[in-house]
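K.L.:
Listed below are the residues making up each chain.
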Amino acid sequence: MSKRSRGYLERTLDALLEVMDRAGEAERRAADRGLLQRLDPRVKVVGALALILAVALARNLATLIALLLFAIAGVAVARLPFRLLATRLWIGTLALTGVIAFPALFTTPGDAWFRLPVLGWTATAQGGTSAAYLLLRVVTAATLAFLLVFTTPWTHVLKALRVFRVPAVAVVVLGMTWRYILLLLQTAHRMFEARRSRAVGPLPGRERRRVTAAAGGVLLDRSVRLSQDVYLAMQSRGFRGEVHVADEFRMRASDWAALGAFAGLTTLFVWMGWR
Amino acid sequence: MTIFELTDVTCRYQDVPALRGLSVSLAEGARVAVVGANGSGKTTLLRMLDGLVFPEVGTVRYRDVVLSEAAFANDGFAYDFRRRVGLVFQDADAQLFNPTVFDEVAFGPLQLGWSRSELREKVDEALERLRIGHLRDRVPQRLSTGEKKRVALASVLVLNPEVLLLDEPTAGLDPKSESQVIDLLVGWAGGAKTVVTATHDLGALEDIADRCCVLHEGRLVADADPRGILSDVPLLERANLVHAHRHHHPGREHSHPHLHGHGHDQGLGPRG
Numbered sequence: 184m185s186k187r188s189r190g191y192l193e194r195t196l197d198a199l200l201e202v203m204d205r206a207g208e209a210e211r212r213a214a215d216r217g218l219l220q221r222l223d224p225r226v227k228v229v230g231a232l233a234l235i236l237a238v239a240l241a242r243n244l245a246t247l248i249a250l251l252l253f254a255i256a257g258v259a260v261a262r263l264p265f266r267l268l269a270t271r272l273w274i275g276t277l278a279l280t281g282v283i284a285f286p287a288l289f290t291t292p293g294d295a296w297f298r299l300p301v302l303g304w305t306a307t308a309q310g311g312t313s314a315a316y317l318l319l320r321v322v323t324a325a326t327l328a329f330l331l332v333f334t335t336p337w338t339h340v341l342k343a344l345r346v347f348r349v350p351a352v353a354v355v356v357l358g359m360t361w362r363y364i365l366l367l368l369q370t371a372h373r374m375f376e377a378r379r380s381r382a383v384g385p386l387p388g389r390e391r392r393r394v395t396a397a398a399g400g401v402l403l404d405r406s407v408r409l410s411q412d413v414y415l416a417m418q419s420r421g422f423r424g425e426v427h428v429a430d431e432f433r434m435r436a437s438d439w440a441a442l443g444a445f446a447g448l449t450t451l452f453v454w455m456g457w458r
Numbered sequence: 027m028t029i030f031e032l033t034d035v036t037c038r039y040q041d042v043p044a045l046r047g048l049s050v051s052l053a054e055g056a057r058v059a060v061v062g063a064n065g066s067g068k069t070t071l072l073r074m075l076d077g078l079v080f081p082e083v084g085t086v087r088y089r090d091v092v093l094s095e096a097a098f099a100n101d102g103f104a105y106d107f108r109r110r111v112g113l114v115f116q117d118a119d120a121q122l123f124n125p126t127v128f129d130e131v132a133f134g135p136l137q138l139g140w141s142r143s144e145l146r147e148k149v150d151e152a153l154e155r156l157r158i159g160h161l162r163d164r165v166p167q168r169l170s171t172g173e174k175k176r177v178a179l180a181s182v183l184v185l186n187p188e189v190l191l192l193d194e195p196t197a198g199l200d201p202k203s204e205s206q207v208i209d210l211l212v213g214w215a216g217g218a219k220t221v222v223t224a225t226h227d228l229g230a231l232e233d234i235a236d237r238c239c240v241l242h243e244g245r246l247v248a249d250a251d252p253r254g255i256l257s258d259v260p261l262l263e264r265a266n267l268v269h270a271h272r273h274h275h276p277g278r279e280h281s282h283p284h285l286h287g288h289g290h291d292q293g294l295g296p297r298g
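These protein sequence lines are chains A and B, in that order.
Each residue of the first sequence is one higher than the one before, starting from 184 at the first, in our numbering.
Each residue of the second sequence is one higher than the one before, starting from 27 at the first, in our numbering.
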């Protein structure tokens, strides 16, 4: 069936499922046996956040460029394909940030840099510097986050947040929310597939809206029932209001060394950034 | 010794009577099958035995304790009960809510305060017993139906409960997986465990149970050994547990009740 004959909601569901599938690719890559993949998740979370902080505090472009090169080197060490970095992250990030940074070129007062031919807008050097700062900060921070997510299973990232005293219940709820969104998307997808298998040709708009509203009601009802069953299943295995999570992380010598290296690098970059 | 005693139990589920005036007792070490058509009250009965649902009328006793919200408000009793009684849900997706298979199996022991060393050892043991050690770090939601069932089983068996309640354990499984699950349960139960299995798969009845309770519209309509139940055709028809096959022959047509078994269909005698 052509995409045009499927409603907006169905196409949105398919797109969301595709996003979830891509998230599955991150999980698969995080399971590789690379150097970064083998580090303790807590070390990677602390290291990534520390370096992102250094990005935020940097006051010169040289430091930001150094941090970006360091992040790119991390991608190489983790043996992640650069094509993945470029297509999944940089293109979208640069485009979105570029849209935000573009006006700064022309609205920041300063020395004239170049003039747009048709519109006659004058870009200033200071505006260019402001835009460069914004782009570099966003791209570098995003690359560091990309490195974390693609070298660490998402579930371990959530558990590692316990280092920052994030309550166990928040970690559990976040994890369950993610998993059950996937399940509900799959259920909704199957419902629309079932409907298509019983329809000949596209439905009129009014009928389509009626069916979609009914499907929404059914999905909501199933969600409520499922959540009730999940709660009963938790109670059945001893849950009484306070959740306990398995902490299976063990720091090895290499993890301590990596932690020390992250601390040293962060200190160096923060010092460089404040000079 | 009686481990569960239900006396005149009535329970409604969203204004629909799920159980009506049910009275039955279960002995320690018994292997009981609860059979009935969809909506007959099997799931509600299991949840009642697991202390998740309480009757509006009547009582459910576990040993000498009446199961009620007040009873479960007592930490000591609640932890002891949850350690001794385990329920495997029919819908594995409702039971698998942890990020990895390891976390799923470890959930119960964690909530019951097991030590870290004991937890690791028992979880690994449960994973190996169910032959899912290779799924340790996998996300449960992305597993196949058979794998999910195994994880759900492991998450309960890790506690080594003395009472195991199973809600349609073979539903949705292919024949090989179904056979493996049945073999596993038969092997695990041994002689000291009480196993209550809700099912409408009559083909496996004699393998998994020594006693069979038939539910129909929330009432207990029969309580006998599996062979006796399977040979009572009118009962099976009344409880919607058999269907009729129609055969066309030149000049005539006849139908007879039909029961599906493990690779050998059992006709129950022609009619008409």
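A few of these clues could be false.
[Stated by the list, open to error] For the chain A half of the interface with chain B, some residues (derived, Cβ under 7 Å), not all of them: (1) 338; (2) 350; (3) 354; (4) 358; (5) 359; (6) 412; (7) 414; (8) 433; (9) 436.
[To be verified] Which residues of chain B face chain A? A few of them, derived with a C-beta cut under 10 Å, are: (10) 46; (11) 77; (12) 105; (13) 111; (14) 113; (15) 115; (16) 119; (17) 135; (18) 144; (19) 145; (20) 148; (21) 163; (22) 167; (23) 181.
These are calculated hints, taken from the structure and not from any lab test.
Quick reminder that beta carbons are idealized off the backbone N, C-alpha and C, glycines included.
K.L.:
For each hint, tell me whether it holds in the structure or not.
P.N.:
Okay, the hints, checked on the actual structure:
1. 338: Result: holds, 3 Å to nearest chain B Cβ.
2. 350: violated, 15 Å
3. 354: Not OK, violated: residue 354 of chain A not within 7 Å of chain B, min 9 Å.
4. 358: holds, 5 Å
5. 359: holds, 5 Å
6. 412: holds, 4 Å
7. 414: violated, 9 Å
8. 433: violated, 11 Å
9. 436: Where the cut-off is 7 Å and the nearest Cβ of chain B is about 21 Å from residue 436 of chain A, the hint is violated.
10. 46: Since the shortest Cβ distance to chain A is 22 Å, the answer is violated.
11. 77: holds, 8 Å
12. 105: holds, 7 Å
13. 111: At 8 Å from the nearest chain A Cβ, residue 111 of chain B passes the 10 Å test, so the hint holds.
14. 113: holds, 5 Å
15. 115: Since chain A brings a Cβ to about 6 Å from residue 115 of chain B, closer than 10 Å, the hint holds.
16. 119: With Cβ-Cβ at 6 Å, under 10 Å, it holds.
17. 135: holds, 8 Å
18. 144: Because about 13 Å separates residue 144 of chain B from the closest Cβ in chain A, which is outside the 10 Å limit, the hint is violated.
19. 145: holds, 7 Å
20. 148: violated, 12 Å
21. 163: Holds, about 7 Å.
22. 167: Residue 167 of chain B check passes; min Cβ-Cβ to chain A is 5 Å, inside 10 Å.
23. 181: holds, 7 Å
Checked against the numbered hints given earlier, this structure breaks hints 2, 3, 7, 8, 9, 10, 18 and 20; the rest are met.
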